[in-house]
Each structure stands twice: as C-alpha cells, then as structure tokens.
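**Q** Listed here are the chains, written in short residue letters.
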Amino acid sequence: MNINFTLIAQAIMFALFILFTMKLIWPYMLRAIEARQKAIADGLAAAERGHRELEEASQSADQTIAEARGRAADILAQTERRATQLIEEAKSAAKGEGEREKAAAKAEIEQEFARAREQLRDQVAALAVAGAEKILQREVDAKAHSDLLESIRGQL
Amino acid sequence: MAAGNLTPTSYIDHHLAYLTKPIGDGGFWTLHLDSLLTSALLGIIGMGFIWWVVRGATAGVPDRRQAFVELLIEFVDDQVKGIFHHGDRHKFVAPAALTVFVWVVLMNAMDFLPADWMGLGTNLISEHGFRIVPTTDVNMTFALSLSVWLLMIYFAIASKGFGGWLHELFCTPFGVKPIWAAPLLVPFNLLFNLIEYVSKPVSHSLRLFGNMYAGEIIFLLLWIWAASGLVGTAFASVLGLGWAIFHILIVLLQAYIFMMLTVVYIALAHEHH
Numbered sequence: 001m002n003i004n005f006t007l008i009a010q011a012i013m014f015a016l017f018i019l020f021t022m023k024l025i026w027p028y029m030l031r032a033i034e035a036r037q038k039a040i041a042d043g044l045a046a047a048e049r050g051h052r053e054l055e056e057a058s059q060s061a062d063q064t065i066a067e068a069r070g071r072a073a074d075i076l077a078q079t080e081r082r083a084t085q086l087i088e089e090a091k092s093a094a095k096g097e098g099e100r101e102k103a104a105a106k107a108e109i110e111q112e113f114a115r116a117r118e119q120l121r122d123q124v125a126a127l128a129v130a131g132a133e134k135i136l137q138r139e140v141d142a143k144a145h146s147d148l149l150e151s152i153r154g155q156l
Numbered sequence: 157m158a159a160g161n162l163t164p165t166s167y168i169d170h171h172l173a174y175l176t177k178p179i180g181d182g183g184f185w186t187l188h189l190d191s192l193l194t195s196a197l198l199g200i201i202g203m204g205f206i207w208w209v210v211r212g213a214t215a216g217v218p219d220r221r222q223a224f225v226e227l228l229i230e231f232v233d234d235q236v237k238g239i240f241h242h243g244d245r246h247k248f249v250a251p252a253a254l255t256v257f258v259w260v261v262l263m264n265a266m267d268f269l270p271a272d273w274m275g276l277g278t279n280l281i282s283e284h285g286f287r288i289v290p291t292t293d294v295n296m297t298f299a300l301s302l303s304v305w306l307l308m309i310y311f312a313i314a315s316k317g318f319g320g321w322l323h324e325l326f327c328t329p330f331g332v333k334p335i336w337a338a339p340l341l342v343p344f345n346l347l348f349n350l351i352e353y354v355s356k357p358v359s360h361s362l363r364l365f366g367n368m369y370a371g372e373i374i375f376l377l378l379w380i381w382a383a384s385g386l387v388g389t390a391f392a393s394v395l396g397l398g399w400a401i402f403h404i405l406i407v408l409l410q411a412y413i414f415m416m417l418t419v420v421y422i423a424l425a426h427e428h429h
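Just so you know, the sequences run in chain order V and Z. Quick note on the numbering used here: the first sequence kicks off at 1 and runs consecutively. Quick note on the numbering used here: the second sequence kicks off at 157 and runs consecutively.
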C-alpha cells in the first residue's frame, strides 16, 4: 500500500474520461434513443389514429347506408301511396264518366221516347180526325173544332 | 520467471511489483507506469469503442454493435434513474456512472489474462515487473473513490450552499434540540459526519481493491501450485478455470457495486436533511 502521485494522475484521467463521456458519448446516444422512442410513439399514435379513423369511417358508412335505406323506404311508400291515389282517381273519374254517359244516354232515350210519343199522338190525333171525318162524311173544320181536337189529343 | 531460484514469495513479489518511475524526491513523487498505461489504454479502448459506435448511431433499427452499446447505456441509465431524483441525470451523473462502470469492468477484466503469458509481453517493457490489473493498485481505486468523494462534497455544497452544508455537518443527524443539549450534540454530529466522510471513500475503494487483489493472489497461488509438478498443473488448471469463471461474477459485480455506490453517494449529497 504505497499511495503516490499515480493517484492524482489517475484521478485526472478519470475526470477526462467522464468529461469525454459527458460531452461526446451520452448526448449522441440519448439523441438516437430518444429519436427512436419518439418514432415508436409516433408510429403507435398513427396506428391508433388510423384505427379510430377506420372506426369512424365505418360508423359514418353505416349511418349513410341506414339513411339511404330510410330514404328508399320513404320513396317506396310515397310511390305506393301515389299509385293508390292515382288508381283511386282513375277509378272515380271512370265512374263519373260512366255515370255521365249513362245519364246522357238515358236523357236521349227519354227524349227519343217523348218525341216518338208526340209523333204517335199527332198521328193518332190525325187518325182520329180522319176517322171522325169518315164517320161524319164531311170535312171537319179544324178551326171550329180545334178545342175539341185539342182535348182529344190531350186524352190520348 | 526472471528470478533465478523460484520461491512462492519471490514469484508473488515479482508479479505484484509495479513498474515505477520516480518523478521527484520522496516516495510520493512516484508514478506506477503500468497502472497508468493499462488504465489509460483500457479507458481509451472502452470509451473510444462506445464513442465510435455512438457517432454512427441511428435512430432506426440498430445493428448488433449499436444494440449492445444501447443495452449497456440503458442498463446504466436505468440504475441511475432508480437512484438519482435530484435534477437532470443526463447532465452529469449518468455519463459518470457509465464511465465508471465501463472503465472498472475493463480494468477488472485484466485479471482474466494469464499472468505468466502476459509476462512474456510485458517483460519487453519491463523485466522487473508489470502489473496489468490497474484495480489491484490501491492508487487506482483511491483515485476513483476520492474523485467521487470530491464530487460528493461539490454537489453537497452546490445543492445546499456552503452554509447549508456546514449546518448539516454540525446539526445532523442527531439534531440540536433540546437546546441545552446542543453543546453535547454538535460535537457528536460533527464526529458522526466526519466518520461518514472518511469511511465512504475508504470502503468504496478498498472494497474494489480487496476483491481484485485477493482474486489476483488466488490466481498466483494456483499458478505456484501449477509449477510444482504434473499433478499440480492438472489440479491448478481445473481450479484456475473454476476460479476464473467465478471471477467473471466478481469482476462484473464489483464494477456494478462501484458504479452504484458512486451514484448513491452523489445522490445522497443532493439530499437535504
């Protein structure tokens, strides 16, 4: 055990080595390690973000699909309603038309009928006058007997 | 080897002799060139290797060399992180711990080199003696521990101020209350602190020195046995192998303990009582 100047020389050497490590080794290593840690953390964060975005996208897609489905159903329902309405309208229009036609026909028939009756009546009246003329063997003054003729015509 | 008639004492003496160089008058003004040379070489190789790797360090996928250095640095950093909570450890404590660990491991590891084979080489430098394990030189271990001791005092004063440091020197750990007991407590406090300040560097350095020195002595004893004949060579080789394997543990463990104590002492210096 002989302590000598070696001790001081070694202590100086030790100080120099610490200084070397402090200045030239540690900062570089730390930088590399921290940069890598940051890269890893960034990567993990990006993965997490991607995951979340995917989830959001699928959610929004679901929503869009649901909306579209709802709209389609709405349109379908509306169309059906419209179709029913159209059919109803057509039906009622046809019915109305039919009624009108029927009424017109009826009116015409009645008119025809009335006209025919009138004709018939005139003819019967004429026939009756002619008959009476034959019976009386002379001409009937239509003027003089117009009241009578009218009443006969009325009775027919 | 060099000695003509080989006795155990001369053999051990020979292997534990330093290569000295006087640089002045008196015993103190001497240099152990062997310790200085080996430790400087090992420090330059060790720290230089790390520096070389670190200069080319990439933040991407590290190659094997960089992964090894990173493993080492993160191991040291983890230890420091667990102990030192008094500011930015990256500024001083962690690099210092790395330096201590790498340097001491390398110096301890010189113990594995077979003493007599190394002698063939070192004889070219010095026929008289060349000790290749710097940590078996008490100057080396005290250089480390006293440096740490100075750092301890420096950081204690830096973190608490000179007044705060003096206050702690006189008023802790027993305190000065009640006030009538203060005259009795103050000397006790001072005595206690002085013992602590003396025992820390002494135990710090002698633990390392003792372990490495004892390891070296055991190797030398085995090699003396090996020189005693064929049976001795066989036994000593087997035992030497066993001791070398066990010594791997001691080398790493002592370096680890030395580093941990360095960090602990510096951390304690920051602590306010």
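Rather than coming from a laboratory, the hints here were simulated on the basis of the structure. Here the structure is a predicted model, which means the values were calculated and not measured. Glycine included, C-beta positions come from ideal geometry on N, C-alpha and C. Treat the hints with care, as some may be off.
Which stretches of chain Z does chain V cover? Using the computed rule of at least three CB atoms under 8 Å from a CB of chain V, they are [as the list claims (entries may be wrong)]:
no., region
1, 165-173
2, 207-216
3, 225-234
4, 269-277
5, 297-303
6, 318-330
7, 408-417
Short, incomplete list of chain Z residues facing chain V, as computed with Cβ under 8 Å [to be verified]:
no., residue
8, LEU254
9, THR255
10, VAL261
11, TRP379
12, ALA382
The list that follows gives simulated cross-link-like pairs (lysine to aspartate or glutamate, DMTMM-like), each with its CA atoms no further than 20 Å apart [stated by the list, open to error]:
no., chain 1, residue 1, chain 2, residue 2
13, V, LYS23, Z, GLU230
14, V, LYS102, V, GLU118
15, V, LYS38, Z, ASP181
16, Z, LYS247, V, GLU34
**Q** If you test the structure against every hint from before, which numbers come out violated?
**A** Violated: hints 1, 4, 6, 7, 10, 11, 12, 14, 15.
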